[in-house]
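Trainee: What follows is each chain in one-letter form.
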Amino acid sequence: MRHGDQDENSHYVDTAPGDDSLDGYEAAEEIRTYLIGLVLATLLTLASFLIARTALVWEPSIPVALAVLAIAQMGVHLVFFLHITTGPDNVNNVLALAFGVLIVLLVIVGSLWIMAHMNRNMLSIDQIMQMQS
Amino acid sequence: MSAFDPAVGRDGPNQVERAQGSLDIQHSTKHAAGVAASKRIIAGYGFWIFLLSDIVMFSAFFASYAVLVDATAGGPSGRGLFDLGNVGIETACLLLSSFTCGLAAIGARKRNGFWFYGAMAATFILGAAFLCIEIREFMSMIALGAGPTRSAFLSAFFTLVGCHGLHVAIGLLWLLTMMAQVFAKGYRADILRRLLCFSLFWHALDIIWVGLFTMVYLMGVTQ
Chain A
1 MRHGDQDENS HYVDTAPGDD SLDGYEAAEE IRTYLIGLVL ATLLTLASFL IARTALVWEP
61 SIPVALAVLA IAQMGVHLVF FLHITTGPDN VNNVLALAFG VLIVLLVIVG SLWIMAHMNR
121 NMLSIDQIMQ MQS
Chain B
1 MSAFDPAVGR DGPNQVERAQ GSLDIQHSTK HAAGVAASKR IIAGYGFWIF LLSDIVMFSA
61 FFASYAVLVD ATAGGPSGRG LFDLGNVGIE TACLLLSSFT CGLAAIGARK RNGFWFYGAM
121 AATFILGAAF LCIEIREFMS MIALGAGPTR SAFLSAFFTL VGCHGLHVAI GLLWLLTMMA
181 QVFAKGYRAD ILRRLLCFSL FWHALDIIWV GLFTMVYLMG VTQ
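Protein sequences appear in the order of chains A and B. Under this note's numbering, read the first sequence as residues 1 to 133, first letter to last. Under this note's numbering, read the second sequence as residues 1 to 223, first letter to last.
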């Protein structure tokens, strides 16, 4: 690879998580990114608190709506505050994140699933007392 | 501490990398474009891995909280204990502090002292306000007889929320250290690397708080 190619393919070097991409650094642009993130995160937070406090949404669907809003807000934080993108300079960061998310899901969903199962199959305290007497 | 690293200079890490690239091109084992990663990228990436493992640890606390949320042992449940007004203020504090932390990172990159110290001080005040509100909430719960020993639900609650609060407290100490280091040593490359790690840490705390206020407080009140 010659030096010219190097410049054209400069996207293929990595970017540290938290740094924005490599093409030119503009403070004004980065402040705009943070402002967009702040506005989006504020809107999503307000929406969550509103949904939890009012009867606007059908009640059984509230936990699902809250979870969706929370995941959306985490995405906003990752993109606008931590500058995690889908660009080729971010592949390593995204792969590490994907692995982390996998483990988090396994731990949380797995625990809830197994414990709910065990709760259902376990005798109640009264029944255990009866067996002992 | 590590020596001054000229590869991470005034122009940010990546411009220098491109210039260095032609020297490193023979090393075919280097990744992607055959360019050695700068120290800033290695440090940032390593800290990113640490943060993800920290989040995995939190996921275990989240899981145990979710499993134990109904195990109130006849004691108070979240619906009677949580005050959403307080939680809203805490959320606003932490979100704004995440924003000012980002501004501080830009200020440091611009070598603008006024901007950097101002934004860091704002971050500290907001983080400290968050911590004060949380500690007051804990104290009032314990005064009500709803301490961590009351039920499995409250043990899980205090562990999860307390662990996040502990992270914020450590983050505040780190923040003061970073301000002192920039003051004493200037915007050196190694100091800027630590600053990158600090801002990653602070943003990650906010991400965990999003999960926390949703799962613990909002779902606890609506249940």
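Keep in mind the hints are simulated off the structure, nothing from the lab. Among these hints, one or two may not hold up.
Residues from chain A that face chain B, not an exhaustive set, calculated with beta carbons under 10 angstroms [what the hints assert, rightly or not]:
1) Asp14
2) Ala16
3) Gly87
4) Ile103
5) Ile108
6) Met115
7) Ile128
8) Met129
9) Met131
All C-beta atoms, glycine included, are put in the ideal place defined by N, C-alpha and C.
Trainee: Work down the list of hints and note, for each, if the structure agrees.
Mentor: Checked hints:
Below 10 angstroms, beta-carbon pairs count as interface contacts, and A:Asp14 has one with chain B at about 5 angstroms; its hint therefore holds. Proximity of A:Ala16 to chain B holds as hinted, the smallest CB-CB distance being about 3 angstroms (cut-off 10 angstroms). Given hint, A:Gly87 at the interface with chain B, is violated; its Cβ is 12 angstroms from that chain's nearest Cβ, farther than 10 angstroms. The interface hint given for A:Ile103 holds, since its Cβ lies 5 angstroms from the closest Cβ of chain B, which is under the 10 angstroms cut-off.
Using the Cβ-Cβ criterion of 10 angstroms, the hint placing A:Ile108 at the interface with chain B is satisfied: the shortest such distance is roughly 5 angstroms. At its closest, the beta carbon of A:Met115 sits 4 angstroms from a beta carbon of chain B; the interface hint therefore holds under the 10 angstroms criterion. With its C-beta approaching chain B no nearer than about 16 angstroms, A:Ile128 sits outside the 10 angstroms limit, and its interface hint is violated. Because the closest C-beta pair between A:Met129 and chain B is about 17 angstroms apart, greater than 10 angstroms, the hint is violated.
Proximity of A:Met131 to chain B is violated relative to the hint, the smallest CB-CB distance being about 22 angstroms (cut-off 10 angstroms).
Checked against the numbered hints above, the structure breaks hints 3, 7, 8, 9 and satisfies the rest.
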